[in-house]
Structure formats: C-alpha cells, structure tokens
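**Q** If you want the building blocks of each chain, they are given just below.
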Amino acid sequence: MDERRMMAVIESILFVSGEPVSTKRVSEILDLDYRLTKKLLYKMVDCFNFERRGLQIIMVDDMFQLSTRPEYKDYIEKFLGTDIKQELSQACLETLSIVAYKQPVTKSEIEKIRGVKSDYSVSILIKKNLIVEVDRLDAPGKPILYGTTQNFLKSFGLSNIDELPEL
Amino acid sequence: MSYSVKLDSFEGPLDLLLHLIAKSKINIEDISITEITKQYLDYLNKMKLFDMEIASEFLVMASKLLYIKSSLLVPKTKSEEDLDEPDPQQQLIERLKEYKLFKEVSEIFNDYYNKFSGICSKPPENYEVRSDMLIANTTDELLEVFTRLLVRADIISNKQPPIHKVNREVVTVDSKIAQITSILNHSNKISFLSLFNNTYSREDMVVTFLAILELVKREVIYLKQIKHFDDITIKKKVS
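Same order as they appear, the protein sequences are chains A and B. The first sequence begins at 1 in this note's numbering and counts up by one. The second sequence begins at 1001 in this note's numbering and counts up by one.
Be careful, since some hints might not be right.
Stated by the list, open to error - A few chain A positions that, by computed beta-carbon distances, are all more than 12 angstroms from chain B:
| id | residue |
| --- | --- |
| 1 | Leu30 |
| 2 | Gln65 |
| 3 | Tyr101 |
| 4 | Lys102 |
| 5 | Ala139 |
| 6 | Ile144 |
| 7 | Phe152 |
| 8 | Leu158 |
Said to hold, decoys possible - Straight-line C-alpha distance at most 30 angstroms; calculated BS3-like pairs for lysine-lysine:
| id | chain 1 | residue 1 | chain 2 | residue 2 |
| --- | --- | --- | --- | --- |
| 9 | B | Lys1025 | A | Lys117 |
| 10 | B | Lys1224 | A | Lys85 |
| 11 | B | Lys1122 | A | Lys39 |
| 12 | A | Lys112 | A | Lys73 |
| 13 | A | Lys127 | B | Lys1122 |
| 14 | A | Lys107 | B | Lys1097 |
| 15 | B | Lys1097 | A | Lys128 |
| 16 | A | Lys112 | B | Lys1217 |
| 17 | B | Lys1069 | B | Lys1025 |
| 18 | A | Lys112 | B | Lys1189 |
| 19 | A | Lys102 | A | Lys85 |
| 20 | B | Lys1224 | A | Lys24 |
| 21 | B | Lys1103 | A | Lys142 |
| 22 | A | Lys73 | B | Lys1224 |
| 23 | B | Lys1237 | B | Lys1217 |
| 24 | B | Lys1103 | A | Lys78 |
| 25 | B | Lys1224 | A | Lys117 |
| 26 | A | Lys78 | A | Lys107 |
| 27 | B | Lys1217 | A | Lys24 |
| 28 | A | Lys127 | B | Lys1115 |
| 29 | B | Lys1122 | B | Lys1100 |
| 30 | A | Lys117 | B | Lys1189 |
| 31 | B | Lys1122 | A | Lys112 |
None of these hints come from the bench; they were simulated from the model. Yeah, the Cβ is synthetic: ideal placement off N, Cα and C, and Gly gets one too.
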C-alpha cells in the first residue's frame, strides 16, 4: 500500500472512531510496523495543518483524534445553535494550575497555596473531567490526591504534561 | 492616602494582599508589615461599610498580620533567636510569592483554554461488534474488548427511549459470581459474549466483568480462545 493510500485509511479510521485511537491500533489495522505507523501519523498531523484543512488531528500521549479547529468555533456554534466554548472561573484556573504543576496534590495543599477553601472549584474541575483522583495520601484521614486528566491536556492544547510552560 | 474600594471580588486574602502590594508599587520582599496591615484592615473596614460579607479567611489573615506586626515590635530574647523558628514575616512573603506564581500561570492557562477548548469531535459510529472481531490474548486485549462493549452499550442505551422506570436492585459482584457459577454447573463452558447479551446497563456490565475476573483469579474458571478472533470461552476448571 502506498503512503497516500495508508493515510487515507487512517483518516477513515479516525473519522469512524471519533474518539482517540492509539498508534498501536492503527499499526494493527494497517499491518505496519509501530515506528513507521507513528511517523506516518505525525506526517498526517503536519499535512492537515499545512493544507489548512478544516479539521485537525490532535495528539495526546500516544493517541490521535480528529477534531474541528478552535478558529472556526464561531461558525460551528452558529450552525449548532449552541456554545461549544467553555469558560473557567479564576478560582478554577488557580486550582487547576496548582494541580497541574504539583500533582499529585491534596485539597488541603491546594487550599494552603490559595489561602482559601477550594471545595467548589475542585468539584467543578472534576465534573469537567480536568482533574481526577489519582491516589490517596498515606496519612491520617487518607486524603485524596488529585492529578490532571487526558482531557485537560486536550483542552489546553498540550500533547503531554511535560509541555507545561516553565514556572 | 485615599483610595476607592475596589468592589471586585478577590479570590482570597492573599489575592487582596497582592493587590495592595502592587498598588504600593513595591516588591513583595520589601513590604512593610505595618503599612500593609494598615491598608489591609482599612480595606476590611470599608467592606463592612459597604455591608459586604467578609469571608472568614480574610479575618484569619487579619489576625495573622497583626501577630506578625506585634512579633516585630517585641525584641527577641537570645534564647528565642537560638530556637531557629521560622520567621512568620518570611513565611508570609514566601506564601505570597508562591501564590503570585500560580496566579500568573492561571492567566496563561486561561489563554490556552480559550484557544483550545473550542473544538468538537464526533462520537463513535454505532456498529455491531461481530464476535469474530474480538481479540483477547492478554489482559490488555480483554480490557479493550470490554471497553468496546461498554462503548456500544452506551450508544445503544442512549438511543433507546426509556419505556418505563423499573426499580433497579443493586447488582453485586457476588450475586453475579453466583449466577455465572450456576450456569457453569449446567454446562462446562459458556461464551464470554453471551453473558453480555441482554445487558446494556453499564453497571451490570462492569459487575459481570469483575465477577469473571474474580473467578479467574480464584482459579474456578479459565478463559480460552480456540482461534484468533474467536469468542472467548469460559471453562470450568477441574480441580
């Protein structure tokens, strides 16, 4: 199968899946070596950008997903008749920043840094699937430790947690 | 010095302190506790004037500031100096610096979020999972198979209109184990997929899956695949 044909197959798979697909799964379908598959996927990400396609391929950890581009959200919202853009309150943003850089972290550690109670912002962030319980601290009361999710990476345009800007 | 009370809401006492410090155009390192305490208390008083509710954290900070101020007025005795206790003023400065850092990060995060969260993707296509498509050689694949079943169930249950509400009894792993064991008493082997045939409730499926895993762990059953892509067979282990 030539490269263009393979990329066409990948595009079809990504479309049908809707959800992120792993490199491993793509290599199985194409019956292609893992490394080569990964190279091909990276190439596709670039192609979509270079050709200024309306859709993009987002890459989070080892998973690839087809999605729309943020620059066209106004038209999409007009078409859907609804808001797709999300807003986060200042409290949520602060809490999220702390979790992102200090994870795993407990609620009381978050509150110590912010100087205020953070129950509400923590629960909103969990609801929005931006943070999640990752473990419990081995201490009295076994408080919950929080970390960020894949969805967090996606919503902030990061491929992995190491891409966080330097403090 | 007169200044108008900003009726913007501050995220907390640290936020307010940072604002007062920025207003005075000094570095956090160089704050004068006396001056900052005065400004802080002035602000709280003005909030009271405007009948604004003051959260308890603000009051706690007020007392902390007064404590720091008073501790600076009292000369330290030699023995106290030797104790090497953390300096409360320095502690406050460190806290303010750390909070300021995260405040700045949250602004960057806001930009990122505005830029990248406005995207959509499609839900997965609703397809019938053919049994010859399932692969399960390792626990990884078993999990993938099960995840796909869950996804399909989610789609189907979302599309089916609710007919009537039935009181659901709580399904336990133990009851599922009992169920599977009794099926196995009648026949030596059962199909993995058949256990999921009429369950579209996520809860049911998860509990069934857990029951199967538990039975494998207990070495009551074992899972077998004759051919690649076949349905998995659950067989009773003969001791």
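**Q** I'd like to know which numbered hints this structure contradicts. Please list them from smallest to largest.
**A** The structure breaks hints 2, 3, 4, 7, 8, 10, 12, 16, 18, 22, 24, 25, 26, 29, 30 and 31; every other hint is satisfied.
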